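Enquirer: So you can see what is in the structure, the chains are spelled out below.
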Amino acid sequence: MLQIARFEEDGEGEEKNFGTQQSKYHDPRTFKMTPAMIRARRPFFWKNAATFAVLSTITVSIYAYTYSFLGKDDFSDVPIPPITEEELTKLKKEYMAEQAANKK
Amino acid sequence: MFLAHRSVTRSVRSTSAVAGVAQKRGILNIFRNALGMDLPPSDDDPTPENRFHPWDSSPSPDLRQRAATIRALAKCPVTGKEINYTCPLSGIPTHHSREAWEQDKEYHETKKWEILKKVNIYEHDLRSGRPFPEFDFPQQQESDAQVNLSTWDLYFYTRQYYSMDTEFQLAAVTKMLSYPITMGALLHQFSPYLLSPKGPITLEGLKSLAALRYSLYPFQRAATFKDRPLRMFIIGARAEGQLPGHVWKQFQFLFPEIEFELHFIGPEAFYDREKGTYVSSSRPVVKRVDPYLSMVYHTDYFHVFHEAQDFFPYDPYLDCFFLFHPGLSYPDVKELWKKTMPGLLESKCPVFITGYHEQDSQNDWNWLMENFGKDLDVLMDRTDNLFSSTKWELNDLDPQEVYRFNQKIFAVRGKRYHAIQQ
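Protein sequences, first through last, are from chains V and E. Just so we're on the same page, our numbering is the position in the first sequence counted from 1, plus 18. Just so we're on the same page, our numbering is the position in the second sequence counted from 1, plus 53.
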């Protein structure tokens, strides 16, 4: 207990609050980066942007390739079960009746 | 009674008016807040406009005094007569008359007035009495945090200084920190100065820096025996000696758990604030900042101590010399430097020399090469110091001579003769 009290007195407790403290380099109100932080990050901006472009190109191209590959799939070889004329007319009648009911 | 009543109602009315204005501003701020807009700048914030005053009519008496000094001592660069005209662009007395000012083509083409204006506004900002939260320096960094020494901005960001958003804050802080961080950036293992041809460091320079880094990073070597503290000698100390301990501590923070002794040497090394004069003492004055850093003031010329063997033995692994704008070739001091320089070269320790501006550094270099060229190795070619002060200054004797502290840097060392197998 005594030790804890001493720890806080030293002011070390304030320093080590594990990232809960508001960063000095963000506006406390708008959370925008301060000009000092923008200046510090400027040397890395283009390299970071290039890395982002490379990584996003890889991801987007994998998605695009998958989409186009699956879109080309041909289902014509899948057999469709045969249907008789009678059943067809019966189904048509049911369908028309449903439509009429819906219109009312 | 009646009077008291009236005054009370008046005061009530005036406070309600103030409250009304404050409320209006408050509502506006809520909108600004919701939209994430920036607040209007407060009147305290420094801007080039609100810090600009001609020095002749400056609100600060010491700047009016400096303007008078310029008028009394400096000469117009066009007519050669006394200075009698204040440049309206920079607010600093620069020429004899308006005609001379207009004729000075170089002054306008090179936009020298822009730099002079910066001198003007920075000086006024320091005397403005605004709050200076940027002087609240950070403490020890966490052991896994790395410092980037590429530029001032990155250094401040990686050390988590106060966010310095304007040039005024940078000027105020870099003028102080230029001395310790210039030293730190040279010696640090991730120094921004690279080996030639990519940077200014020569092969001999790398040998000397490697020796110092051997002592600065004992955790990386197999045997970690405890040596004496590293000694940083600052020869011809003037302003450096007056910097408080917590500023120099920023140098030590770059090398955690390494002990340093800073030796300030020179007749102007120790300034007594209470008495307001330079104090000379037959014994070194020691100020201990904390267990890792102590500052020792020696109030005489270096060659005096060198001849008395006070600092013996020198060790290139543990000792290093810094000369902050020594002005080696100035007529009134060059005889003294001629006595000091052999001692520095004999020690075989690196000697880093900074200059106020290109010409100043070039003069130092030429003087050194002329007088001691045979006895020295160049460790670092003349280059821009990445940690120079960003605050522009001017010479009162020639207002167009503008400079920044530690703007240029180079390094030499006494020549070493290696054993040759016969």
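Worth double-checking, as some hints may not be accurate.
[As the list claims (entries may be wrong)] Simulated crosslink set (SDA-like; lysine to any residue; CA at most 25 Å straight-line):
(1) K65/V to D206/E
(2) K50/V to K260/E
(3) K42/V to K260/E
(4) K42/V to Q474/E
(5) K65/V to Q474/E
(6) K111/V to S95/E
(7) K50/V to Q474/E
(8) K65/V to A198/E
(9) K260/E to Q474/E
Honestly, the hints are just simulated from the structure, not real lab data. The model shown is predicted, which means the values in this text are computed figures rather than measured ones.
Enquirer: Against each hint, give a clear statement of whether it holds in the structure.
Expert: Hint by hint, here is what the structure shows:
1. K65/V to D206/E: With a Cα-Cα distance of about 18 Å, the restraint between K65/V and D206/E holds, given a limit of 25 Å.
2. K50/V to K260/E: 45 Å, violated
3. K42/V to K260/E: 40 Å, violated
4. K42/V to Q474/E: Measuring from Cα to Cα gives roughly 60 Å; hence the hint is violated.
5. K65/V to Q474/E: Judged against 25 Å, a Cα distance of about 51 Å means the pair is violated.
6. K111/V to S95/E: Outside the cut-off at roughly 80 Å; violated.
7. K50/V to Q474/E: 66 Å, violated
8. K65/V to A198/E: 22 Å, holds
9. K260/E to Q474/E: 21 Å, holds
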